[in-house]
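Visitor: Okay, here's what each chain looks like letter by letter:
There are 2 protein chains.
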Amino acid sequence: MPKFSEAIAPSQAFLYGEHAVLYGSPALAMSVDVKTRARVTEVEDRIIEIRSDRFPEGLRWRYDEEQPEENPLLPLAYGLRDLMKRYEFNKGLIVEISSDVPVNSGMASSASVSAAISAAFLSLVGESPEKYLLLDIVYEFERRIHGRASKTGPACAVLGGLVWIEWRDGNMEVSRIDSKDDLSIVISCSGLLSETKKLVSMVSKRYNEIRDVMDRIMHAISALTVEGRKAIEKRDLVRAGELMNINHGLLSAIGVSNYVLDEIVWTMRRLGAYGAKLSGAGGGGCVIGLSENPEVLAKNLSASYPSFAAKVSLEGVRVIR
Amino acid sequence: MPKFSEAIAPSQAFLYGEHAVLYGSPALAMSVDVKTRARVTEVEDRIIEIRSDRFPEGLRWRYDEEQPEENPLLPLAYGLRDLMKRYEFNKGLIVEISSDVPVNSGMASSASVSAAISAAFLSLVGESPEKYLLLDIVYEFERRIHGRASKTGPACAVLGGLVWIEWRDGNMEVSRIDSKDDLSIVISCSGLLSETKKLVSMVSKRYNEIRDVMDRIMHAISALTVEGRKAIEKRDLVRAGELMNINHGLLSAIGVSNYVLDEIVWTMRRLGAYGAKLSGAGGGGCVIGLSENPEVLAKNLSASYPSFAAKVSLEGVRVIR
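Residue numbers (the numbering used here), protein chains in the order written: chain A, 590 to 910; chain B, 590 to 910.
For reference, chain A alone in the conformation it holds in the complex (with noise of 0.2 Å):
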């Protein structure tokens, strides 16, 4: 049978502070229990091969033979080949992907799914890495997918629990926060895609027009992003989502809001949540709301779209086999 190494990874809900995290605020975000499994296999010919039940047309490269073409799973091959010579393997793999994480939700499907192959990679050349390396690699991953990216997806993806992501000298520092395993949330998804890529840049095309509106507003982020992260160690649910509410109305302001995540994110308090928000880089993707109980939120949204109480994951990525 030939060698393989197979590893699962959580997502990610961003609680407080996306966007703003990308101009000097901090954000705290929850690795979710809803997961990207990976297999690596080693093969003899030169080749990365990817198979993920969410891109079935799949992608077939000889990396050193042949020019890629467009594929939506290059970014992934691009970084595997990098890392493949990092650690001088000369083999080819095969990458079989599956996932519980909608893709382009604001879920971090990308950095779920890039922990989980890479943990698997380096399991199978026998190295076992600090987390905060593990966490290099994939957020290298993320750069390649996502242009400019905040370290937050791979951080959930990687250590799991709650996350606070914060800079000091100018560059984004990642850890852990204290956390009970009682946290959950409701997601919603809108169905519309979430192009990350797409609304960081518009936001800051908007930012260096109107920069003096656009800091005061990151300000304000920043400022809910601290009482959040006291809200939520206290396990304060309705300041929590009182601060989520008034981050979704900053969100709006910048301009990744829209009709279908307003309405979702209404429905949700109407039907008793603390607070909503959408959750990631906007434009579509999911809302994520609190609520006393989020199984019966759930249910009762799930009329109006696909809905799901989700718990911290307290694990990050794992190598499974």
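Careful: at least some of the hints might be erroneous.
No copy labels: a pair is met if it fits in one copy or bridges any two.
Distance condition first, Cα-Cα at most 30 Å in a straight line; then the derived DSSO-like pairs of lysine-lysine [stated by the list, open to error]:
#  : residue 1 : residue 2
1  : 794       : 823
2  : 794       : 900
3  : 819       : 900
4  : 888       : 900
5  : 819       : 794
6  : 888       : 787
7  : 769       : 888
8  : 720       : 900
9  : 786       : 823
10 : 592       : 794
11 : 592       : 819
12 : 674       : 823
Note that these hints are calculated values from the structure, not bench results.
Place chain B on chain A using the hints.
Guide: Then chain B, alone, in the frame of chain A:
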């Protein structure tokens, strides 16, 4: 024929800065050519009688004999009694009000009616007050009606045109800015009451609880109001609309939008508005939008919400008889 006098006054739309103007921000508002008319007739009986097309129960009060009963027109009666004392008018008044301004719409119907009544009364007693004195009189009425209120509604009703409100040495100062007569907006009514007093106190409560966050949002509104003035003065409707959208997001963040207002805002934008926002206290009331062709937009919106195009009223309150 008994002695009488009659005046008409415009109403208001808030282009930028409502709520924040109570926290030190400037604001830009527009006098709207949807007007209130008041006729004030002198009678020998020492009564204040108010007849209104909006409050058909009316009010009749022997002001030096009786305790007044609870009545929505009572703040107007109190304001009138003060004015009568100030001008040593010892008879009685019958006030007839007819208005095209929706009540509790965020269009400052109360300031419009107060301006029309005050101007008519002053004309009746032979006074032709300077505009800024009249403004102070109308502002007194407003404070009786709304508690903590801005000078914006009174300024729009009294001065006409585009009105700029800013703070100097702790005082709210009001001035007209250069305005051509070509500025039109679309106004759509939610059909929900906008209760200024309640919303202002809700924002104030939130302000005291999370001051750091709220302060920064107010600063952002302040900055966009300054940018909005520039855009309006240049008639750059694209930029002015973008800033309206940002302002609406920030109003959502401080908690004064709701599902219906957001729905109208998105409908306006989808129908081609450059920008749209709630106008006034929020919680209900009207949404305003900027468009290349406000008449057409209003017509298209009318399928969903009572909507109309409205021009700036270059003229403030005016005695007509």
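Visitor: Run every hint past the structure and note whether it holds.
Guide: Verification of the supplied hints:
1. In this assembly of identical chains, the alpha carbons of residue 794 and residue 823 lie at most 30 Å apart only when taken from different copies (21 Å versus 37 Å within one copy).
2. Taking identical chains as interchangeable, the C-alpha atoms of residue 794 and residue 900 are never at most 30 Å apart, the minima being 36 Å within one chain and 32 Å between chains.
3. Proximity of residue 819 and residue 900 under a CA criterion of 30 Å is satisfied intra-copy only: 19 Å inside one chain copy versus 48 Å between copies.
4. Taking CA atoms no more than 30 Å apart as the test, residue 888 paired with residue 900 passes inside one copy only; the shortest distance there is 15 Å, against 48 Å between copies.
5. In this assembly of identical chains, residue 819 and residue 794 lie within 30 Å of each other by CA distance solely across copies; the values are 19 Å between and 32 Å within a copy.
6. In this assembly of identical chains, the alpha carbons of residue 888 and residue 787 never lie at most 30 Å apart, being 32 Å within a copy and 34 Å across copies at closest.
7. In this assembly of identical chains, the alpha carbons of residue 769 and residue 888 lie at most 30 Å apart only when taken from the same copy (24 Å versus 55 Å across copies).
8. For a Cα distance limit of 30 Å, the shortest separation of residue 720 from residue 900 inside one copy, 22 Å, qualifies, whereas the shortest one across copies, 63 Å, does not.
9. In this assembly of identical chains, the alpha carbons of residue 786 and residue 823 never lie at most 30 Å apart, being 34 Å within a copy and 33 Å across copies at closest.
10. In this homomeric assembly, residue 592 and residue 794 never come within 30 Å of each other (Cα to Cα): the closest approach is 48 Å inside a single copy and 63 Å across copies.
11. In this homomeric assembly, residue 592 and residue 819 never come within 30 Å of each other (Cα to Cα): the closest approach is 47 Å inside a single copy and 67 Å across copies.
12. Taking the shortest alpha-carbon separations for residue 674 and residue 823, neither the intra-copy value of 46 Å nor the inter-copy value of 57 Å comes in at or below 30 Å.
Checked against the numbered hints given earlier, this structure breaks hints 2, 6, 9, 10, 11, 12; the rest are met.
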